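Visitor: If you're matching them up, the sequences are chains A and B in order.
Residues in the first sequence are numbered from 614 upward in steps of one, following our numbering.
Residues in the second sequence are numbered from 614 upward in steps of one, following our numbering.
Calculated from the structure, these hints are not laboratory results.
Incorrect hints may have been included.
[As the list claims (entries may be wrong)] Between beta-carbon pairs, the in silico distance windows are: (1) A:Arg-752 x B:Glu-874: 17 to 23 Å; (2) A:Gln-991 x B:Glu-1016: 53 to 59 Å; (3) B:Asp-770 x A:Gly-821: 54 to 60 Å.
Remember, predicted model here, so these are calculated numbers, not experimental data.
Even for Gly, the Cβ is constructed at its ideal location relative to N, Cα and C.
Number of protein chains: 2
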Amino acid sequence: MTFEDAKTRDAADSLAHCRERFRLPPGKIYLDGNSLGAMPASVPDRMAEVIDCEWGDDLIESWNKHDWMGAPERVAGRLAPLVGAEPDELLITDSTSINLFKLLGAALAARPKRSVILSEEGNFPSDLYVAQGMESFVRGSRLQTVPTDAIAASISDETAVVMLTHIDYRGGGRHDMKAINAAAHRAGALTLWDLSHSAGALAIDLDGDGCDLAVGCGYKYLNGGPGAPAFLFVARHLGGELSNPLPGWMGHAAPFAFDPEYRPCEGIGRFRTGTPSILGITALEAGLATFDGVFLTCLEAKSRSLSELFIGETERRCGGQVRLASPREPEARGSHVVFAHPHGYAVMRALIEAGVVGDFREPDLMRFGFAPLYNSHQDVWRAAEAIGRIIASGEWDQPRFHERRRVI
Amino acid sequence: MTFEDAKTRDAADSLAHCRERFRLPPGKIYLDGNSLGAMPASVPDRMAEVIDCEWGDDLIESWNKHDWMGAPERVAGRLAPLVGAEPDELLITDSTSINLFKLLGAALAARPKRSVILSEEGNFPSDLYVAQGMESFVRGSRLQTVPTDAIAASISDETAVVMLTHIDYRGGGRHDMKAINAAAHRAGALTLWDLSHSAGALAIDLDGDGCDLAVGCGYKYLNGGPGAPAFLFVARHLGGELSNPLPGWMGHAAPFAFDPEYRPCEGIGRFRTGTPSILGITALEAGLATFDGVFLTCLEAKSRSLSELFIGETERRCGGQVRLASPREPEARGSHVVFAHPHGYAVMRALIEAGVVGDFREPDLMRFGFAPLYNSHQDVWRAAEAIGRIIASGEWDQPRFHERRRVI
């Protein structure tokens, strides 16, 4: 494929107009939207409005006047079409890990005769840590981790909840949510999905696939800004049954009655705990607005088109010097692609210096994320060209590229 | 006291220059900084810098380049002098209720032979809800609430932790932290203080008073913006002993090693869970900077001077038509004052329409908070005059003032 071919694909891309919804960093090809999404162009003005007019001028009155109270549900309504859920099944609140704790606790309480949280060995560590924390809280509960291909066979009548990340944060492998939900339900278990690496990039259908519970992060493909509030999903049929193990005043039926006894509100709002972060939720609302009018099928098709181009062009240029560490079949992947290289850290540092921003995961993985709204086929073609050049020239092998930083 | 007297007091006020650090709403006397602090004047520019340059331009690189990773500890360092703690005893993270859950869980685990969380009947409901949630998690644990004057006598060898709010959110009554800490320690119990209604207004001395654990909110007197991140405090002598019941990757000793086993970092950082809210923490950092160069003794003296003036002038003008529902002795109060009136809701609505902003708490309490950095004696004098006028004229008794809103 030539650069002209990439241009032709961009010219035919039905999502090409969405790139203007972002303020992309000049001189960079940003392929790390799976870690921190690019900034929506509307964010500076919208944040200034909330800061100057709502906080500055209207102050406490804004809880009514600008519906700060309703923000966690209102913004959830914008997320609903992106994950195939109804608005009243979703809530914007806290962080992904905190939400995972809430829903794990709720799931264990809903399956009191079962003790096992089933997960996979390579799940995102924070998810495993939350489950490990839960073990020490709920007596008898136990985290069981198994290899990916043993998950379905490991679901038993001891399994309370199957907790998985839809797209593997490292290799980008994708679980078949529908099949695992069905297997879990046959065994009487619940499912809890972490959508952090898929929401905003893939055609997720939480209701259609029969998911019970889910969480996900707001700062990756949803473009909500650094440390954006996260979301949680509780399928409507479970709504009345589950309780929030981290109850707080914002989830009370009447928070301003200041009742000394906790009495949860009806519906998803019971999974609120403390006061919502209005600045964080405002940026996330702008992030979600970048998806206006976008069909999920187009989003996923574009993601696939970008990652296929990337794999093809990178392998063509690098030959055997890199190893594809993501599934080769597009339907088995998410929206990021990982190549292994023995000096992956230094190669990635050199790439970043050359303006191609991906990230690195131990021990040797170079990770590249494709955000269908703002990455173009030309971006991807150029990135593959840069990887080929840097590896072929050996220019990555300089002391400054080997020096470790905290985060890459 | 005449308005000229109030002016004279302002002229002699050593904190008068701090008022310029805020952008106060034009035409209003804002006495609700105990619910949502006024906006620091530096916030719009600082937020624009973080949004445009850090998120927009530098993107993922900002975790290193702009020390986003260190923000929870760095900003805690700014809080330390305001609460009489060392920087490494404090962390900015999550919400007050979530932090309370973390420290309650940690305290119960540190006192495994004791089962009682002792609190007071009128404590802030969210704090009680968190403890009620904990009851269902930690088998045998039990929330015991007693009247305020029975607290010290109720501490026993069954008490794991005494959980109290320093300043009562409703009436403004103040606990003697030092005396309660001493009583708890004599009985072998820990103490956990909620400083939401005192940090940033009073001379708190967590270390000097022998506090074990504390939490507090960032959006009241600390001026951190709506739903700002909260803080938690763990006394250094307990640091190594306590573990975080909500573990997450940001509290791991090596978060980017992606170790499947949780291994907490040394020190207070282990109480981190998920990714910190960078937008929220940025605004809070600006809020804390409004205290630069301010001595806590001056802060508390100013608070007292304002509230004494308010009580005196309001009672002089309203006679028996309002009842002081806060302690009369200044050393027994925090920085807000509550007056009861049978139609307190409508009176408060009328006051807000007249530009004097306080709030209302059921059943009949009008609450007025005094933020020593930006409220003046002239503000307070005018507010008392408005209350006197509105009550004497009966102008509060109009249908629109009786109509209930969600938040006041």
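Visitor: Against each hint, give a clear statement of whether it holds in the structure.
Guide: Hints, verified against the model:
A hinted range of 17 to 23 Å for the beta carbons of A:Arg-752 and B:Glu-874 is consistent with their spacing of about 21 Å. The hint said 53 to 59 Å for the Cβ distance between A:Gln-991 and B:Glu-1016, and at roughly 58 Å that hint holds. Between B:Asp-770 and A:Gly-821 the Cβ separation comes to about 56 Å, which falls inside the hinted range of 54 to 60 Å.
Taken one by one, the earlier hints all hold for this structure without exception.
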